[in-house]
Amino acid sequence: MPRAGADPFLSLQELVSRLLHLHFRDSKTRVSGDALQLMAELLRIFVTEAAVRGIRQAQAEDAALVDVDQLEKVLPQLLLDF
Amino acid sequence: MEEGEEAEEQQRFSYQQRLKAAVHYTVGCLCKEVELDKEMPFSKQTIAAISELTFRQCDNFAKDLEMFARHAKRSTINTDDVKLLARRSNSLLKYITEKNEEIAQFNLERKTKKKKKLEDGNKNPREHADEEMVE
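Here the protein sequences line up with chains R and L, keeping their order. FYI, the numbering for the first sequence is 1 to 82, going by our numbering. FYI, the numbering for the second sequence is 1 to 135, going by our numbering.
These are computed hints drawn from the structure, not numbers from a lab. Misleading hints may appear alongside valid ones.
[What the hints assert, rightly or not] Only pairs whose alpha carbons sit at most 35 angstroms apart, straight line, appear in this in silico DSBU-like list of lysine-lysine: (1) K44/L to K73/R; (2) K38/L to K28/R; (3) K28/R to K73/L; (4) K63/L to K28/R; (5) K28/R to K83/L; (6) K28/R to K94/L; (7) K28/R to K113/L; (8) K99/L to K117/L; (9) K73/R to K63/L; (10) K111/L to K28/R; (11) K28/R to K114/L.
[Unchecked claim] A few chain L residues that don't get close to chain R, going by computed Cβ distances all over 12 angstroms: (12) E5; (13) E6; (14) Q10; (15) K32; (16) E39; (17) K44; (18) E66; (19) K99; (20) E102; (21) K116; (22) K117; (23) D120.
The C-beta atom is built at its ideal place from N, Cα and C for all residues, glycine as well.
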């Protein structure tokens, strides 16, 4: 499964690793394997929370779908929780 | 000299774009699961917004993690740093701590299994010799 390079189909852990390394300020910084797995889980929760909270908002508003308007309303609390 | 720098900038930009595309795809998959579970669809703009948000949040996470490790005088980020990252919400911290133990336990079991296999291999050279003869 893990195919790197121009292919968007990286394994999840490979993707998380590359995302983190993109923003490190020091080239010597490394990430332990366990920490990488934990970060992948944290990011998965982040996305899922955003999605689920968006849905809750849309349901509260009786909307037919989750649009950016609904997402905007749940964003502040989401960012405070993370 | 300037041309070299420009080419490097472009390379970094296109690499970033490819990563963003990978994030967008993964976010799309995750949202699809939630969508099917709760039977409420997401607009394309919403998926794009969550994807952009996640990408930018990684910037904050990465820099924080790096600083936590540096503060502890390490150059390798470990799970303690990740747990610090999850400190803002109690339920999140609890979940991450539990997940960390799960991961540690799973990896420990994998290591002991591997070790056992190696040990068994060393202890029974005769059995292996028999197997070879049969083949």
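So, against the hints stated earlier in the document, which numbers end up violated here? 2, 15, 16, 17, 18, 19, 20
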